[in-house]
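Trainee: The chain contents come next:
Protein chains: 2
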Amino acid sequence: MTRGWNFSAGPAALPEAVLRRAQEGLLEWNGARASVMEVSHRGKAFEAMAARAEEDLRELLNVPGDYKVLFLQGGATQHFAQIPMNLCADGQRADYIITGHWSEKALKEASVYAKPHAAASSATSNFTTIPARAQWQLDPNAAYVHYTPNETIHGVEFHSIPDVGDVPLIADMSSDILSRPVEVSRFGMIYAGAQKNIGPSGLVVMIAREDLLARNPRPLPKIFRYAEHAAQNSMLNTPNTWGWYLAGLTFQWLREQGGLVAMEQRNREKAETLYAAIDGSNGYYRNPVEPFARSRMNVPFVLHDAALDAAFLKDAEAAGLLALKGHRAVGGMRASLYNAMPIEGVRALTGFMADFAQRHG
Amino acid sequence: MTRGWNFSAGPAALPEAVLRRAQEGLLEWNGARASVMEVSHRGKAFEAMAARAEEDLRELLNVPGDYKVLFLQGGATQHFAQIPMNLCADGQRADYIITGHWSEKALKEASVYAKPHAAASSATSNFTTIPARAQWQLDPNAAYVHYTPNETIHGVEFHSIPDVGDVPLIADMSSDILSRPVEVSRFGMIYAGAQKNIGPSGLVVMIAREDLLARNPRPLPKIFRYAEHAAQNSMLNTPNTWGWYLAGLTFQWLREQGGLVAMEQRNREKAETLYAAIDGSNGYYRNPVEPFARSRMNVPFVLHDAALDAAFLKDAEAAGLLALKGHRAVGGMRASLYNAMPIEGVRALTGFMADFAQRHG
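Those protein sequence lines, which keep their order, are chains B and Z. Start counting the first sequence at 0; every next residue gets the next number (numbering that gives the first Met the number 0). Start counting the second sequence at 0; every next residue gets the next number (numbering that gives the first Met the number 0).
Some hints could be false.
The calculated lysine-lysine pairs, modelled on BS3-like cross-linking and capped at a C-alpha distance of 30 Å, are [as the list claims (entries may be wrong)]:
#1 LYS43(B) to LYS221(Z)
#2 LYS43(B) to LYS43(Z)
#3 LYS43(Z) to LYS104(B)
#4 LYS221(Z) to LYS114(B)
#5 LYS313(B) to LYS221(B)
#6 LYS114(Z) to LYS104(Z)
#7 LYS104(B) to LYS221(Z)
#8 LYS107(B) to LYS221(B)
#9 LYS221(B) to LYS114(Z)
#10 LYS43(Z) to LYS313(B)
#11 LYS114(B) to LYS114(Z)
#12 LYS313(Z) to LYS107(B)
#13 LYS43(B) to LYS313(B)
#14 LYS43(Z) to LYS107(B)
Examples of chain Z residues toward chain B, derived with CB under 10 Å [stated by the list, open to error]:
#15 ASN29
#16 THR240
#17 TYR274
#18 HIS303
#19 LEU307
It should be emphasised that the hints constitute simulated quantities derived from the structure, not laboratory data. In this text, a Cβ means the ideal position worked out from N, Cα and C, and glycines have one as well.
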């Protein structure tokens with residue numbers, strides 16, 4: 000195999016089996032005598048594929064019947080703005096829990112259409128922890144509470160769903176959706192950019208409770224109204240058909256793997272293997288995040304001497320371990336362990352880390 | 000070959016050579032040991048590909064230096080709303096030339112952020128012509144004049160660029176961009192959904208004069224501001240990387256074909272071949288559009304007896320002629336002849352049409 004072990008934080012590795020299926024059908028898809036990219040999204044073949052993708056996602060996440068599933072565009076960042084646009088009256092408060100780069104950015108993009116409030120923040124710890132629930136300053140009249148269950152840059156993850164009372168909870172699940180079972184009914188809305196655990200970039204999957212879609216706080220062009228997308232089964236305009244197709248192949252693959260219970264087990268094993276290698280290195284490698292808040296998806300770590308970073312990255316790449324450079328905001332390394340990364344890749348990384356430590360004393 | 004001749008209006012046929020290149024590199028792209036979908040858009044390899052795609056597009060269209068090229072998401076429909084959002088003050092007039100379904104829709108989506116005005120319309124002719132320029136009621140203080148050079152449903156196309164004085168001209172060129180050379184300096188802004196003449200759906204290409212990007216009529220989230228996208232080379236957030244890559248392959252293919260002068264020649268030959276078959280059928284087939292406004296890209300036609308439609312479509316499909324059903328708004332048939340359709344496909348269609356007419360008297 001000449002494909003590497005790809006630890007990219009996103010756009011991230013896709014399951015090889017999914018890529019092979021897409022490759023086989025690239026010129027002739029499903030008897031259509033054309034690529035899936037070349038057929039009308041309003042044709043029967045594409046509509047059947049799209050419906051199956053939604054059904055598989057509903058099955059994987061056990062989505063209740065009063066939730067709509069949308070396949071949208073724009074990246075999670077567009078929805079940082081579009082969610083308050085759809086859900087908040089001018090000047091209405093929306094509470095944000097700040098645990099890293101992405102939750103901060105979500106708050107900033109909301110400010111034109113809402114009065115976003117940082118109800119809790121771990122900024123003073125450099126985002127190495129999650130603020131205790133008891134300290135959150137929530138407003139029971141807020142339009143919603145927004146949080147980021149997994150922060151890709153800081154490697155911080157919630158391991159349970161916070162209780163926010165009757166205010167709808169909204170989660171940017173871009174980087175941990177489908178990594179384990181989740182109780183969808185606890186949320187008002189879940190949304191995720193596809194390019195980590197679902198498919199290629201340019202697709203956003205949203206799971207929204209119907210009562211939230213009924214909010215209508217300001218006049219909007221149809222294309223910005225989630226309710227309009229829901230009414231047209233995400234075909235209000237031409238969707239990202241390739242992204243939807245790849246997402247569907249990924250959902251099938253996940254079901255073949257045993258669903259999210261199996262994925263959770265694998266993801267836990269992968270993360271435990273890597274954290275054990277870091278924690279057992281006598282300080283050669285170090286992860287700064289409080290253990291209870293450590294991410295299973297993105298594991299940032301630093302070497303004891305940053306002067307070794309360049310050699311580490313160069314040797315890793317030569318060993319087929321790709322995209323390990325950490326985000327500039329935190330430096331060092333970062334290994335992203337989304338669903339498509341098998342345990343073998345993690346073992347190759349921990350083996351390399353031990354060898355590197357030995358070679359470079 | 001088991002691929003059909005694909006006359007889909009969009010998502011439409013892609014050049015087979017482009018699909019083959021994408022297929023070859025699907026699991027391992029460009030020495031990256033990963034798919035192009037699995038690498039960071041901020042990595043050197045992707046950035047180089049992205050820059051080359053922009054350069055090739057600039058070369059093909061001879062884009063002047065004071066225009067930015069953006070690779071966006073959301074489909075043209077999102078930009079129906081986002082253009083007035085970026086360019087019009089509340090209640091400011093924007094002039095729209097209405098020549099079919101898409102220009103009508105563009106006007107409707109603009110109404111939250113502008114006061115759109117139908118400065119001319121061919122609705123009374125059922126969109127079978129283009130209103131004479133002398134009758135357009137343009138306001139010299141309008142924020143812009145918007146038109147749709149080619150209407151895919153009604154098969155109506157402008158064959159020259161209208162003179163609108165000093166008001167910026169904005170064109171939704173989704174269905175005829177890159178089909179012939181165009182004088183970009185005549186426009187304030189050109190935008191196009193990719194899924195007809197550029198690549199897969201989920202990508203929008205925009206060419207915008209810098210002075211228009213400097214307008215700032217209302218507070219906006221960054222993600223909705225074109226100027227912010229331009230400042231970040233369309234990497235304000237994760238772009239549709241697959242779409243950008245396919246677009247780049249298409250631009251390379253167009254250059255290999257001889258560029259837009261060669262494409263124009265081919266597109267003219269293709270359209271003339273099909274219109275000749277229609278006009279020479281003694282009324283068996285009929286296209287209702289005034290000859291001066293006939294589209295080279297989308298050729299709608301009806302059979303003399305609509306009761307034959309089902310047989311025509313069934314036999315055509317059996318003959319490998321795909322996606323010929325007309326839009327429900329006009330009925331009958333529609334053959335879309337974008338760049339990826341070779342003359343051989345058009346000849347196969349006209350041959351079939353003659354044979355069908357003979358068999359069904």
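Trainee: Each hint should be assessed against the structure and marked as holding or not.
Mentor: Okay, the hints, checked on the actual structure:
Under the criterion of a C-alpha separation no larger than 30 Å, the hint pairing LYS43(B) with LYS221(Z) is inconsistent with the structure, at around 38 Å. For the given pair, LYS43(B) sits about 40 Å from LYS43(Z) by alpha-carbon distance, which is inconsistent with the 30 Å threshold. Annotation: proposed proximity of LYS43(Z) to LYS104(B) holds, straight-line Cα distance about 25 Å (limit 30 Å). Annotation: proposed proximity of LYS221(Z) to LYS114(B) holds, straight-line Cα distance about 16 Å (limit 30 Å).
This hinted pair does not check out: LYS313(B) and LYS221(B) have alpha carbons roughly 49 Å apart, beyond 30 Å. The straight-line distance between the Cα atoms of LYS114(Z) and LYS104(Z) is roughly 14 Å, inside the 30 Å bound, and the hint therefore holds. Distance restraint check for LYS104(B) and LYS221(Z): the Cα-Cα separation of roughly 10 Å lies within the 30 Å cut-off, and the hinted pair is therefore satisfied. Distance check on the hinted pair: LYS107(B) and LYS221(B) sit about 24 Å apart at the alpha-carbon level, within 30 Å; holds.
About 16 Å separates the Cα atoms of LYS221(B) and LYS114(Z), which keeps this hinted pair within 30 Å; it holds. Restraint check for LYS43(Z) and LYS313(B): satisfied, since their Cα atoms lie roughly 15 Å apart, inside the 30 Å limit. In summary, the hint linking LYS114(B) to LYS114(Z) is supported, as the alpha carbons are separated by about 28 Å, within the 30 Å threshold. The hinted pair formed by LYS313(Z) and LYS107(B) fails the criterion: a straight-line CA distance of about 55 Å is larger than 30 Å.
At most 30 Å may separate the alpha-carbon atoms for a hinted pair to count; LYS43(B) and LYS313(B) exceed this at roughly 49 Å. Only pairs whose Cα atoms come within 30 Å are accepted, and LYS43(Z) paired with LYS107(B) is accepted, the gap being roughly 29 Å. At a threshold of 10 Å, the smallest CB-CB gap from ASN29(Z) to chain B is about 13 Å, leaving the interface hint violated. For THR240(Z), the interface hint holds, since its Cβ comes within 10 Å of a Cβ in chain B; the closest pair sits about 5 Å apart.
Because the smallest distance between the Cβ of TYR274(Z) and any Cβ of chain B comes to about 24 Å, over 10 Å, the interface hint for this residue is violated. Of the supplied interface hints, the one on HIS303(Z) is violated, with its beta-carbon coming no nearer than about 26 Å to a beta-carbon of chain B, more than 10 Å. A hinted interface residue such as LEU307(Z) counts as satisfied when its beta carbon comes closer than 10 Å to some beta carbon of chain B; here the least separation is about 22 Å, so the hint is violated.
Checked against the numbered hints above, the structure breaks hints 1, 2, 5, 12, 13, 15, 17, 18, 19 and satisfies the rest.
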